[in-house]
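S.K.: Now for the letters of each chain:
Protein chains: 2
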Amino acid sequence: MTGAITHVEGGTITTARGFRAGGTYVGIKTYSEDKMDMGLLLSDSPCSVAGVFTKSTLVSPSVTVNRETLAAGGPVRGLVVNSGIANAGVGEQGYIDAKEMAAVAAAGLGVKPEEVLVFSTGVIGVELPMTLIRKGVENIELAEEGGNSLARSMMTTDTRTKESAVSVNVGGAEINICGVAKGSGMIHPNMATMLCFVATDAAVDQDYLRSILPDIADSTLNMLDIDGDTSTNDSLVVLANGAAGNDSISAGSADADAFRDALSEVLVQLTRQLAQDGEGATRLIVAEVRGARNLADARMAAKTITSSLLVKSAVYGADPNWGRLIMALGRCGAETVESKIDLYINGVCIMESGRPVPFHRDAVVALMRGEEVTFGVNLNLSDGHATAWGCDLTEEYVVINSAYTT
Amino acid sequence: MTGAITHVEGGTITTARGFRAGGTYVGIKTYSEDKMDMGLLLSDSPCSVAGVFTKSTLVSPSVTVNRETLAAGGPVRGLVVNSGIANAGVGEQGYIDAKEMAAVAAAGLGVKPEEVLVFSTGVIGVELPMTLIRKGVENIELAEEGGNSLARSMMTTDTRTKESAVSVNVGGAEINICGVAKGSGMIHPNMATMLCFVATDAAVDQDYLRSILPDIADSTLNMLDIDGDTSTNDSLVVLANGAAGNDSISAGSADADAFRDALSEVLVQLTRQLAQDGEGATRLIVAEVRGARNLADARMAAKTITSSLLVKSAVYGADPNWGRLIMALGRCGAETVESKIDLYINGVCIMESGRPVPFHRDAVVALMRGEEVTFGVNLNLSDGHATAWGCDLTEEYVVINSAYTT
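Which chain is which? The protein sequence lines are A and B, in order.
For the first sequence, our numbering begins at 526 and goes up steadily by one.
For the second sequence, our numbering begins at 526 and goes up steadily by one.
Don't read these hints as lab results, they were simulated from the structure.
Treat each hint with caution, since some may be false.
The list cannot tell twin chains apart, which means a pair is met if one copy fits it or any two copies do.
Listed next, the in silico DSBU-like pairs over lysine-lysine satisfying Cα-Cα at most 35 Å (straight line) [to be verified]: (1) 865 - 624; (2) 865 - 554; (3) 580 - 624; (4) 624 - 660; (5) 660 - 554; (6) 554 - 624; (7) 580 - 660.
Bear in mind the structure is a predicted one, so any value in this text is a computation, not a measurement.
Next up, chain A with everything else stripped away, as it sits in the complex (with noise of 0.2 Å):
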């Protein structure tokens, strides 16, 4: 059977087949127990190879060497991932940083140094401990149950792991797609997350790949906002080894679909729990929002209310403040009629043609105050239609970020 999406309870991005990963404590961050801040991730043979990266005209030298090594076009076989120092806004040396990094983990892992991508993830402005990171290298036990260990090394001030894996049967074998991502703040549309990694066994035709994963990247990552900052670092990139025996996956193929759909599922799965935990967040905002006169203006509409401060400290208070709503819809950009706005919370209509719905108060009140506030909104001009995913702000916010270097 074709096409049907299998959510694999506890999967991880070592759930594709052929893939190991793991994660050590070098000491860059400060030191807690079970604390890691550098991880690897290898593929038992080479790789189709995708990236999407932060739309930042001041990028970290580490992204600058992965779109380098895309461009180059050659299969990858994994990459090297360190937090708690971005290697970005140190001049000159992050660029020979970055090179090293991608140098010493290949020899580690027994590959090319043009074979390993190389992300780091933290504070702008310090350069990389190398010696700490040579000693990583060494340090790392890869293992097919990796892939815990891999997000774990990724976290910055996530409070947990963001991992996800389906499989789905296409070219006549069960694939498995899966991911690992960390958050949690400087969080924006055009690279929602910081960095997100996706490794599939299925084979996947790498022209094909890039086609489709921009795309992709826009109706989930993208699609996020945490607090309307964009990183330097930000990158997701999405590996194919071909470990599931599947018939090559390319345009046109009959599951091309159904393995897009898949990959989709994964960072919408994701996304998702990247809002969940972000920087002090307490519940997930969705904003779905429906009738608009294009896409474009559905996702400017369901972006700027999730990405709304006054929504997102709405939510906090679980206040059904709609007016907020009334607010962030006017001023996103999108074509609107006030006379034809529907507006729910939860299912509840509280606006209709543009007037208020005498909505049940406590009952609003008390569904807001669940893990996960929805926003629906019908602007009833068209069929555009789509989803963005945020969390609320809170004071832990402020306090997280108040005294974040000191």
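Following the hints, put chain B in place on chain A, whose structure we already have.
M.R.: The following block gives chain B in isolation, referenced to the frame of chain A:
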């Protein structure tokens, strides 16, 4: 002498000759001693008038009525304002109420309805209590010292009034340009303030006034960010009654630049006061960008710094986490060359030509503990320059906005 701008100590909107104002409490906002929620401004003689309004597509019908009044092109005699309820998101009743509010105020002031502008600010989605407003007009006593009462009657979450007055010699007479404004949430570029009224006793040609106001707004109020949100009611209006007896100022007048500079100065002062009193704010943030490719780039860079939650949180914590400036510059959309960037915090150079400068950390932390934190940026590309204003992000902002309507 022409052009020397004098700040009038303790000045307010009625410092301009021929203007009277007043305020009262009519019961729209929760009662407390000295609280006011409705105000009036009257000019003894007809005024030329210019206005800039919110760019939101969902606007308060009060804004709609004012746009119609200004489009008609006739002289204006005064304005009426209420706080507590925004007269937005209430369907067709909003327009009916705005028209009636102007008519009721006009009757009380003894002028025509089309000579009165009408403003509301507060919660969205609640109809105006017209009975209270009709009563209010009867209760307001206009006085030549009434500017402060008008300023108080506009306040919502503002903790203090915003008032500024300057005088300057133009066209053979000493003229006054004087304003009041209110914030202090839902404030972002594209009409930064929710409401700002300026009165001048200068004689100013209406076409000229309307030609210069958008540019002045773009470099003052539109460079202010409190929380990234844009209100449905944002409005700036300037009334000029000619009571100073100067030769009328118009395009090409010898003193046109002096008038323009003085008007701009009043708006800069009000912008700073609005930023200082942003919801929950403890300190003012000023971003001064030089060396940008052009004005648009400079404005984008400056505004992105003052609106970044991470920068705002760092300022609250007096944390010189300048990596966040790099992040903001990278994502702002302006052209940047990393190796050319110089950064300053309150005058102390912390990055030169893209490389961190080993600054005295304790000294910079101490500087950041003051009332004003200035980030200086030189992109060293060309001569574009701009200033933006904002405030820090504190737990108090979240507390204020998590339970605004509850």
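S.K.: The structure should be examined with respect to each hint, and the outcome stated for every one.
M.R.: Here is what the structure says about each hint:
| no. | hint | in the structure |
| --- | --- | --- |
| 1 | 865 - 624 | between (55 Å within a copy, 23 Å between copies) |
| 2 | 865 - 554 | between (52 Å within a copy, 30 Å between copies) |
| 3 | 580 - 624 | within (21 Å within a copy, 47 Å between copies) |
| 4 | 624 - 660 | within (16 Å within a copy, 74 Å between copies) |
| 5 | 660 - 554 | within (15 Å within a copy, 64 Å between copies) |
| 6 | 554 - 624 | within (21 Å within a copy, 62 Å between copies) |
| 7 | 580 - 660 | within (32 Å within a copy, 56 Å between copies) |
Taken one by one, the earlier hints all hold for this structure without exception.
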